[in-house]
Amino acid sequence: MSASLTTIKIKQLLNGWSLFTVITALIIASPVFIVVAYVFVPSGEVWTHLANTVLPNYISNSVILLIGVGLGTLIVGTGCAWLVTMCEFPGRKIFEWALLLPLAVPAYVIAYTYTGLLDYAGPVQEFLRELFGWRSARDYWFPEIRTLWGATTMFTLVLYPYVYMLSRAAFLEQSICVLEVSRTLGRTPWQSFKDVAFPLARPAIAAGTALALMETLNDFGTVHFFAVDTFTTGIYRTWFGMGEPAAAAQLGACMLIFIVSLIALERYSRGQAAYHHTTVRYRALRKLQINGIKQILCLIACILPVFLGFVLPAGILLNWTFATTEWWMTLQFWEFAFNSFILATVAALLAVVLAVLMAYGARLQPSLFTKIGVRAASIGYAVPGSVLAVGIMLPFAWTDNLIDSWAREYLGFSTGLILSGTIVAVVFAYVVRFLSVSYNAIEAGLGKVTKNMDCAARTLGHGPGETLRKVHLPLIRASMFSAGILVFVDVMKELPATMIMRPFNFTTLAVRTFELASDEQLAEASSAALAIVLVGIIPVIMISRTIAKSRPGHES
Amino acid sequence: MTLHLENVELAFDKLCVLNSINLTVETGEFVCLLGPSGCGKTSTLRVCAGLETPKKGRVIVDDVVMTDGNKVMAPEKRQIGFLFQDFALFPHLNVYHNVAFGLKGWKKADIDDRVFEVLKQVRMDKYAKALPHQLSGGQQQRIALARAMAPKPKIILLDEPFSGLDSGLRAEIRDETLHVLKTSNVAAVMVTHDPEEAMFMADRIVLMKAGNIVQDGTPSELYANPVDHFAASFFGEVNTLKGVIQNNQAKTILGYVPAEGFREGEKVDVLVRPQNIKIQTITDQIKPTEQAHIEAARYLGRESLLHIRLENGSGESTHIHARVEGHRLPEENESIMAVMDYEHALVFRAS
Chain G
1 MSASLTTIKI KQLLNGWSLF TVITALIIAS PVFIVVAYVF VPSGEVWTHL ANTVLPNYIS
61 NSVILLIGVG LGTLIVGTGC AWLVTMCEFP GRKIFEWALL LPLAVPAYVI AYTYTGLLDY
121 AGPVQEFLRE LFGWRSARDY WFPEIRTLWG ATTMFTLVLY PYVYMLSRAA FLEQSICVLE
181 VSRTLGRTPW QSFKDVAFPL ARPAIAAGTA LALMETLNDF GTVHFFAVDT FTTGIYRTWF
241 GMGEPAAAAQ LGACMLIFIV SLIALERYSR GQAAYHHTTV RYRALRKLQI NGIKQILCLI
301 ACILPVFLGF VLPAGILLNW TFATTEWWMT LQFWEFAFNS FILATVAALL AVVLAVLMAY
361 GARLQPSLFT KIGVRAASIG YAVPGSVLAV GIMLPFAWTD NLIDSWAREY LGFSTGLILS
421 GTIVAVVFAY VVRFLSVSYN AIEAGLGKVT KNMDCAARTL GHGPGETLRK VHLPLIRASM
481 FSAGILVFVD VMKELPATMI MRPFNFTTLA VRTFELASDE QLAEASSAAL AIVLVGIIPV
541 IMISRTIAKS RPGHES
Chain P
1 MTLHLENVEL AFDKLCVLNS INLTVETGEF VCLLGPSGCG KTSTLRVCAG LETPKKGRVI
61 VDDVVMTDGN KVMAPEKRQI GFLFQDFALF PHLNVYHNVA FGLKGWKKAD IDDRVFEVLK
121 QVRMDKYAKA LPHQLSGGQQ QRIALARAMA PKPKIILLDE PFSGLDSGLR AEIRDETLHV
181 LKTSNVAAVM VTHDPEEAMF MADRIVLMKA GNIVQDGTPS ELYANPVDHF AASFFGEVNT
241 LKGVIQNNQA KTILGYVPAE GFREGEKVDV LVRPQNIKIQ TITDQIKPTE QAHIEAARYL
301 GRESLLHIRL ENGSGESTHI HARVEGHRLP EENESIMAVM DYEHALVFRA S
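Chains as they are written, first to last, in the numbering used here: chain G, 1 to 556; chain P, 1 to 351.
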C-alpha cells in the first residue's frame, strides 16, 4: 500500500515531469544567460561610441520595421484567414493552402529576387525605359526597393502566413454556434468577425504576429542586403567587423528589451483568456454566400499575397535557375541540399518532442518554477542567431578544451572537438532558437484539451504518461505537426547561426545562397534559393491539410 | 465499502476552500453535496478523487488511506469513478473506446462484454461506433455515466451531471441515472446547487456553505428541521418575520410563536414557508390586529400564490407570500386575515 502513496512534498518539488521541464529549460536558456552576462563585461569606449553614433538609428529603424511588419502581417494574415474560412468564392479551396506558400520563401531570398527584378538594371525598369524612351534614372521616379519601406514590404509578404496559419486554425476551431449566436443577436457577418471571431481568435493571432515580428528582428540577410541598419546588422558588424564580442552582446541585450516587450504584449493579449469552447457540439461551418463584386474583391485580396509573396519570386528564381543550369546539376548542390534536410529534420523532431514534454510538464504542475523555466526556454527565439551562436560556442569550446586536456592527461590521446564546430552544436543552436516555435504551437494545442479530460483519464486509471499518450497526443496531433513543420522550415531558412557554427567545409543551401547573393551573383544564387523554397512548399501543403482535418468532430 | 473524510482542509494558495470537512458515505448510499456556487462542494468531490490534494486531514476508502496530509495516492490508483459536468468525453475516441478507456489490462473479450453491459444499462448499446460529437447532450451524459461505471468503481462521484441538459431531458436522465446507480450498489456522491434535484436523488443531503458543512441529514430532516436561516431558505422560499422574545414566545406581526432557549427580549427571525400561511375572509366575528392586503394573486395550477402586505398599527409593513390551494383568488387590495401555521414556523436568532 505504501508503495502506491507518494509523499506530497516530494510530489510538489521533484515530480519527474516538472523536473524534466525545469532542467531542459535551464539547458535551453543557458546560451541566452551567457550572452546577457556579457552586459557586465566592460567594453569601455566601444559602447559609448556606438551609443553616440549608430544606436539611435538602429532603434528608429527597428521600431519602424516592427510597426510596419506587425500591421502588415496582422491585416493580411487575419483578413485572408477570415475570407477563406468564412466566405465562399471561386478558388477558395486553392487559396486555403496557397496562402501559406510564402512561408517557404525566406525574407532574404525574396529580397534578392525583388532587387533583381526592380532595381535599375532589372527587367521592370528596363521595360519602362524602353516604353517611354527614358534614358537614365534622372528621367523618371521609381520606388527604390533597397530601403526601409522595401524591407517592410518584403517581410510582410513572407511573414504574414504565420498570422494567417494560426488565426485560420483558430477560426476553424471556433464553434459555429458562437457565430450563429452572434448573428441572431443582430450582428452582421462583419460585426460577428469583429466582436466574436476576432476576440476569440486573439490568442492565436497575437501568437502569429509575435512570431512574425521576432523573425523580423532576427533577420540578417535582408537588412544587410538592403543596407538598412538595425540591431542585427549592428551586432554583426560590431562583432565581426570591429572584433568586439562584448559590445555586440550588449547591443543584443538592448535588442532584448524589444523582444521582452513583444513577449509581454503577446502574453497580455492572451491574458486570462484560455478560452475553452463552451459547447462540445460542432457542426460543419456554413460558409457565407457572397456574390458579384464582393467575390471579385475576395479573389483579389487572396491572389495578391500569394502572387507577390510566392508566385512572382518563385517564377523569377525558376527563370534564373534555368538560365544557369550548370550549377544545380552538380553533385555539390545535392550534398548541400542533403545537409540542410538532415539538419532540419533532426532539429524539428527534437524541438517537438521537447516542447510536448515541457508543455505537458508545465500543465501537470503549473508552479512558478515551471512557468519561469518555460519562459526562459522560449527566449531563444528572440535572440538573433548570431548572438546565440556566441552564447553556445563559448561554453562548448570551454567544455571541449576541458575534456580534451583531461583525456590527454589521463588517457594519453586528444579527443579534439566534440561539441563545438560539430553538427551537435548546430542542432543545439537550432533547438535553442526554435523551441519556442514548437512550444507555442504545442501549448496552444494543449490549451484546447480541457482540464476535465485530464481528470477523466486519471480517474479512469491512467497515469500522467499514459494520459499524455492516449488523450493529449491524439488530440494535439495537428498542433504537433504544425510545430514540427514550422521548425523544419525555419531551420531550412536559418542563416546567421548556421554561418557561424557550421563545421568546417559543411555548407547548407541557405549559406550558399547568402554567399552568392552577397557577391551580387543573384542569378547564380537562384538554384539554392529555389531549392529552399521548394522544400518549404511540401510541408506547407501538409500543414494546411492537417489543420483542416483537425477540426474536432471530423473523422480523420 | 465506505468513503470517509476526516477534518479535510483545502486551500488554493492562501485562499481557504475547505475548512475541516467530515463526511462518511456507505455502500449503496446516495449522498448529495448541496450548496451555492463557491461553497466548496466540487472541491470536496475533487479531493475524494485525488484531483486536489488537501492541506490537512485524511481521506479513507474502506480502511485504505488515500491521503493523510503527508502522502497522497494518485487518482489513477483510487478506482473512484468521476462524472464531469461537461462530460469530458474524449472527442477522438468513439463511444466504445470511450467506455473501454478505463478497462485497462482487461482481456479483450471481457472488455467487449463489460462495455456492452454498461452501454445496455444506459440504453446506448446501439451507439458503440458513434463519435461523441454525433450524440445529443443527453446521450453524451449517458456515455459519460457508462464510462465512469465501466471499471466497476467502488465509489462514483458526480459533479453537477445534469446542469448541461434542458429541463425536460434532465428529469428523465436524472431518473435513469438514479436507477443505474442504485442497481449497481455503489457509494455515490453528487454535487448540485439545485435543492429539488438533491431531494430527488439523495438518501442524504450535505448542505455546505463557504467551505463548511452546515447540515448533514436526510432530505426531510433538512427540510423540516433546518439548523439555521441559510439551511431553511435554501430548500425553498421562506417568509422572514421579525420577532422579539416575550415569555418564551416570539412575538411577530402574525402573532406569537413558541420559542424555547432564547433570552427575554432577544430579537429573532421567524421563518415560515408560504404554504404554511393561510388566509381567512374577514367577518364581523374576526377582527385581526394587523392589516393584511392582497397585493397580487396568481393562479399557478396546483395552487395559487398570493402576495400579501402586512401592516401593524405603527405603520411598519412586511411583504410575504402565501401559497394556497384552490383557484378562487381574492381580489387585489382585498383586506384579508393571514394566519400562520405555528407548528411549521422556525425561530432563529436574528441575523
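The set of hints was computed from the structure by calculation and includes no laboratory data.
A couple of the hints might just be wrong.
The calculated lysine-lysine pairs, modelled on DSS-like cross-linking and capped at a C-alpha distance of 25 Å, are [as the list claims (entries may be wrong)]:
(1) LYS14/P with LYS451/G
(2) LYS107/P with LYS470/G
(3) LYS451/G with LYS154/P
(4) LYS470/G with LYS152/P
(5) LYS108/P with LYS451/G
(6) LYS55/P with LYS209/P
(7) LYS14/P with LYS371/G
(8) LYS278/P with LYS242/P
(9) LYS451/G with LYS104/P
(10) LYS77/P with LYS470/G
(11) LYS126/P with LYS77/P
Far from chain G, some chain P residues (derived; all Cβ distances over 10 Å) [what the hints assert, rightly or not]:
(12) ASP86
(13) SER184
(14) GLU197
(15) ILE245
(16) GLU264
(17) GLU266
To give an idea of the interface, some chain G residues facing chain P are shown, with a C-beta separation under 7 Å as derived from the structure [stated by the list, open to error]:
(18) SER269
(19) THR415
(20) LEU460
(21) GLY461
(22) GLY463
These numbers come from a predicted model, not from an experiment.
Ideal Cβ positions, reconstructed from N, Cα and C, are used throughout, including at glycine.
Taking the earlier hints as the rules, which of them does this structure contradict? Structure breaks hints 5, 11, 12, 18 and 19.
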